[in-house]
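Generate coordinates for the entire structure from the input sequences, incorporating the hints supplied.
In order, the protein sequence lines correspond to chains A and B.
Just so you know, we're using the numbering used here here: the first sequence kicks off at 3 and counts up by one.
Just so you know, we're using the numbering used here here: the second sequence kicks off at 981 and counts up by one.
Hints are computed from structural coordinates only; laboratory data are not their basis.
Some hints could be false.
Per label pair, the in silico range of CB-to-CB distance [unchecked claim]:
1. A:4 / B:1306: 24 to 32 angstroms
2. A:104 / B:1229: 47 to 55 angstroms
3. B:1093 / A:8: 29 to 37 angstroms
Beyond 10 angstroms from chain A on every Cβ pair, some chain B residues (computed) [as the list claims (entries may be wrong)]:
4. 1035
5. 1055
6. 1095
7. 1188
8. 1243
9. 1273
Using N, Cα and C, we set each Cβ at its ideal position, and we do this for glycine too.
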Amino acid sequence: MLCENCGQQPATVHLTTIVGGDKTEQHLCAACCQKHKQALTMAGMSTLLLSLLQGAGSTQHEHVEMRCECCGQTYDEFQKTGMLGCPKCYDAFRSQLVSLLGRIHGGKTQHTGRIPPRSEEQNHAAKRLETLRRDMDRAVADEDFELAAKLRDEIRAMQPAREEEKHA
Amino acid sequence: MPDSVPDRDVVLTCRVRLARNHADLPFPGFLDVEQAQESIRRATNALEPHELRTVSLDRMTPIQRQALVERHLISRDLLRTPERSAVLLNDDETLSVMINEEDHLRVQAFVNRFDLPLAAKIAFEADDWLSSKLSFAYDIELGYLTACPTNTGTGMRASAMLHLPALTWSGEMGKVTQAVSKLGLTLRGLYGEGSEAQGDLYQLSNQVTLGRTESDILDDMQSATNQMVDWERKVRVALHAGDRIALEDRLMRALGVMERARRMNAKEFMQRWSCLRLGSCMRLISIRPDTLDRLLVTAQPASLEQATGESLTDEQRDIRRASLVQTMIKA
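Shown next as structure tokens:
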């Protein structure tokens, strides 16, 4: 018997897959079987996200519906689709998203890349933030966790203040 | 080397893509018709001084749209809502700006060789043009805000299209996939449904977009791609040294079929193409790799149909493909 996939090599592996009671059989050569195995490990980005989201869902025992006031998107819906409704969803679901982002991006939740050009005040705030972050890193290195926590809260507090500035 | 472009034997193209969103509009999946038009209008206005050509997808036939996907200028996702999307292209098609795909703006720089710094330069320049005129959704802690959290932060995805026949045939891809995932990168098949990698073509790209700078990500991609190139080359040499006749027989049989077949479906084409490209890069077959890279695009279904100027049945398309292959490899 020849391999079902490439039709060139003899089929040496016989795979039986059972999904929801439906049984399928595949007869493959060693090389195509290897590809099949890879397929299982080569999960795309969206698959990764959805598996993380579903994992996150299963650990939440208390159910409170969270909704973004700006666009109406709910966190439940986001968990199903992986898609947020508008930029304000990041404020509405902040603590959940920060923890999810950490899991997606290898534990990191602080942006360090490009900054869009902004007004002078905002640049000033960005510089202030940079200083705070540097001080926080130093405090962690010095094992002064009390100071580090204080600086972390200060960094977090800057965000809503800047949002108000924008609307003023 | 068969030609003077470094790493051409393994890397076909590379790409840098940036995701950006307007601060005050819902993400594309939540836009009403008017807001979608507003998003298109803002991007077109901001890019007006830079002489990009606006392509309105709603005025194109499905075949013309699909041909843009085959040329890597737009994504399949953009075609889900052609009536509320658009794409802007520069003259040499190294820059495309997709509007209202998953995010309001997807700036994509595409280079026909392994030159990530060049792709990044083109993408960042377009980002500067846009951000000088538009107010993007940005958060001081989380960076650029995107519709899906897998892009949050830099919004940047850098990728390289790799031809890995030797690693694939020798069953090493499982190891390769594991190795790259440890580096925060991901590897997936580029053609074919699901995870099947037709033509032994793969896309290597960064998975992490938050907490690392754009240049860190580009450096990681550069060094991982270099490693993949070395790995693939070593296995090519080993395959040839191990059983020269078996390898050459496989490649030459593919050449024979490509030179003579009267009809060829897409799947078979991809298999034979991969053999020809490997043979070309190992200097066993005298067809230039860049000819084969052009053939890879022009032999895809929509591109074939577009070149013919009429709609084709599957059978007619397979006949056209075989004929195109012969014309191009003999030229």
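How the hints compare with the structure:
no.	hint	verdict
1	A:4 / B:1306: 24 to 32 angstroms	holds, 28 angstroms
2	A:104 / B:1229: 47 to 55 angstroms	holds, 52 angstroms
3	B:1093 / A:8: 29 to 37 angstroms	holds, 31 angstroms
4	1035	holds, 25 angstroms
5	1055	holds, 13 angstroms
6	1095	holds, 20 angstroms
7	1188	violated, 5 angstroms
8	1243	holds, 17 angstroms
9	1273	holds, 23 angstroms
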